[in-house]
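Novice: Listed below are the residues making up each chain.
Number of protein chains: 2
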Amino acid sequence: MSDLQAYVVGLADAARKASLGLRTLSADAKNRALAAIADRIRERSPAILAANARDLERGRAAGLSAAMLDRLGLDDRRIAGILASLAEIAAFEDPVGETSGVRRPAGFTLQKVRTPIGVVLFIYESRPNVTADAAALCLKSGNAVILRGGSEALTSNREIAGAIREGLAAAGIPADAVQFVDRPEHEAIDLLVGQEGRIDLVIPRGGEALIRRVTERARVPVIKHYKGVCHLYVDASADLAMAVKVVVNSKVQRPGVCNALEKLLVHAGVAAAFLPALAAAMPQVELRGCPRTLAILPGTRAAVEDDWYAEYLDLILAVRVVDGCDEACAHIERYGSRHTDGILASDTAAIERFVAAVDSAAVTVNASTRLNDGGIFGLGAEIGISTDKLHARGPMGLRELTTYKWVVRGSGNLRA
Amino acid sequence: MSDLQAYVVGLADAARKASLGLRTLSADAKNRALAAIADRIRERSPAILAANARDLERGRAAGLSAAMLDRLGLDDRRIAGILASLAEIAAFEDPVGETSGVRRPAGFTLQKVRTPIGVVLFIYESRPNVTADAAALCLKSGNAVILRGGSEALTSNREIAGAIREGLAAAGIPADAVQFVDRPEHEAIDLLVGQEGRIDLVIPRGGEALIRRVTERARVPVIKHYKGVCHLYVDASADLAMAVKVVVNSKVQRPGVCNALEKLLVHAGVAAAFLPALAAAMPQVELRGCPRTLAILPGTRAAVEDDWYAEYLDLILAVRVVDGCDEACAHIERYGSRHTDGILASDTAAIERFVAAVDSAAVTVNASTRLNDGGIFGLGAEIGISTDKLHARGPMGLRELTTYKWVVRGSGNLRA
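Read top to bottom, the protein sequences are chains A and B. All the letters of the first sequence, read from the start, carry residue numbers 0 to 415 under numbering that gives the first Met the number 0. All the letters of the second sequence, read from the start, carry residue numbers 0 to 415 under numbering that gives the first Met the number 0.
It should be emphasised that the hints constitute simulated quantities derived from the structure, not laboratory data. Any given hint could turn out to be false.
Heads up, simulated EDC-like pairs for lysine to aspartate or glutamate below, C-alpha to C-alpha not over 16 Å straight-line [to be verified]:
(1) B:K16 to A:E87
(2) B:K404 to B:E97
(3) A:K16 to B:E186
(4) B:K16 to A:E351
(5) A:K404 to A:E97
(6) A:K404 to B:E97
(7) B:K226 to B:E332
(8) B:K404 to A:D325
(9) B:K404 to A:D372
(10) B:K404 to A:E332
Excised from the complex, chain A in its bound form (with noise of 0.2 Å):
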């Protein structure tokens, strides 16, 4: 065994040890381990930050962009935002020991009782707030983790998993419930993912090509998302200056995220009244259209094939006028990643197929993309958002960080 197997397996043993005092642990316990970690959090801010500047000083020798440096950094505002999250998710209820479906087939009590799923490895880049978020709803959740952050951030996750595990200890839970891997080479996540039977579920959140390695390598149950191609299709009976409204907030309240919107259907029967009008209301954004859109708005860049196929994450959005609604979920279905799409109509019959037809982790109507969120749809905070169909689709919050178990309760009932 190799110095770093030897390493990544003492972790997962370590933390499936920790787990099993989570499995049984009261939410009142919980919640005063994630005041603690609070408390060290705070405490320890200057040791935090310090790390923090030496991170961004190896990313600017090492020219990372200033978007990446931006969500890199933290500052006395950015761990006020770790700290109300540790207190947001102390807040919430807590799914464990939940009961449901409870029945008396046979004669004996049937229950479904919502317990922690074990042991999950994260595995993330970049923003280190995202090092406390995902400790505290896996633990609020009864799981230990695995926290596995992005080497440019390694000094500063560091400090906040070192914070976090005093936090444990100090609350009377085992700091092996947080486990943190302190080693830059991506051969520990190789490694890692394979730990079948010690490891449950991995989550990995960031670039496509990081969530496939894992994927492809991975022996242990993975859930992900890996990118959003978002669509939303203007009918011919949609209300279209609540369309251009729609539109615009998806693409450009925030369009670096997962679920902006990318790509824009528009029926032809309103393709000519509808497309000037966006063209006017969002100037900012690069349009790319098909040959009809640009009949309609001459001088727009013709989309090419990979357009369609493209999550930009930047002010472009690609155009294309089609026929109809079915044809609209035919274009879904076969460029779409299944996160978020939608549909602007006042047609019943236009909606209900579209909703029937498109599947998409969030299918909206008449709304943003850009509500498909955890937080937006009362769920609470989300570890990630999931494209895959099985556990968990679309926000993932504590919910779905449990599973579930059936017990039997009866008197001596046997099989006949």
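Chain B: place on chain A using the hints.
Specialist: Frame of chain A, contents of chain B only:
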């Protein structure tokens, strides 16, 4: 692309295409198709039985065991069983379209709507009736299915799958909704489980070696159980007469299945009273005991370390005397398979400690492990039992063959 690879991709693409139409199919249409499938199987039963006779002949020539040949064989009674199962699945409620969690966060209506998963790859062994059961469960839950049965049943399965596809076509549903892998090569499985983007879920059912091979090579989510090493713990507070009956039922009612009892843990305080009574009640069962068991039941074979991990599927039971509930839980944590584990006790504190600490798909209290079954739980027929923790745990029926999507219904709602 090899010939086999092209074949596999063709099957998966055809299934994916057929799955689009299944998404929006009504329960009535699906039930009519199940009836048409039953008609075709009835009509073609002479051909099915003739095909089965060829499989049996080949099996005898290949030296299959009597038990294997029994599992492989079809007769009029088993055909009637297939037809009864189709009628039963038609009578189940269709989970697709069920809406839950309706709320109005931030001024829009949010619904969680149950949808089919998409394309399911089902890999199984031996019994040809599973071909019809699996196709029916997937169809009723709106999924296309790719069926890959054991090579020993290839002729029978081909004939049954042909009847199913004729039934679908007769009911106006694309026959490609049910795909049959008509190639005996093991490599076909390796290629199929790599079809990410075409196949959404793999359910392997069979021996541990097959399931491990699938899990190692899969790029598609897998739901499985490797084995069922089920435990019962007899607490000092147990009603010993009831405990004898429950242990005997769990062990001998059908020893060859995954929810049969394999290990018994007995509290030291009652072992001397309980074990002789148990041994007398099931003289046909071979016991393998820990040293303390051997002291109570002299002449019993000594259990070795491997016995604690073994799934005998036979009239053998390993017995260990423990000092209490916590030691029993620790034993189950270490050696168990997370399938079905139970306690026999009247002490509420011991019962609740056991129920909270034991992390198995089903935990039983004063009841036979054999009760962990979709039919007995009132969930309907099951396509498998999961000892995984993601998506589905325990019996996996129609509901577990579906997922959900979020539907946002707004009136121009934007993200602030």
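Novice: Enumerate the violated hints, using their earlier numbering and listing them in ascending order.
Specialist: 1, 3, 4, 6, 8
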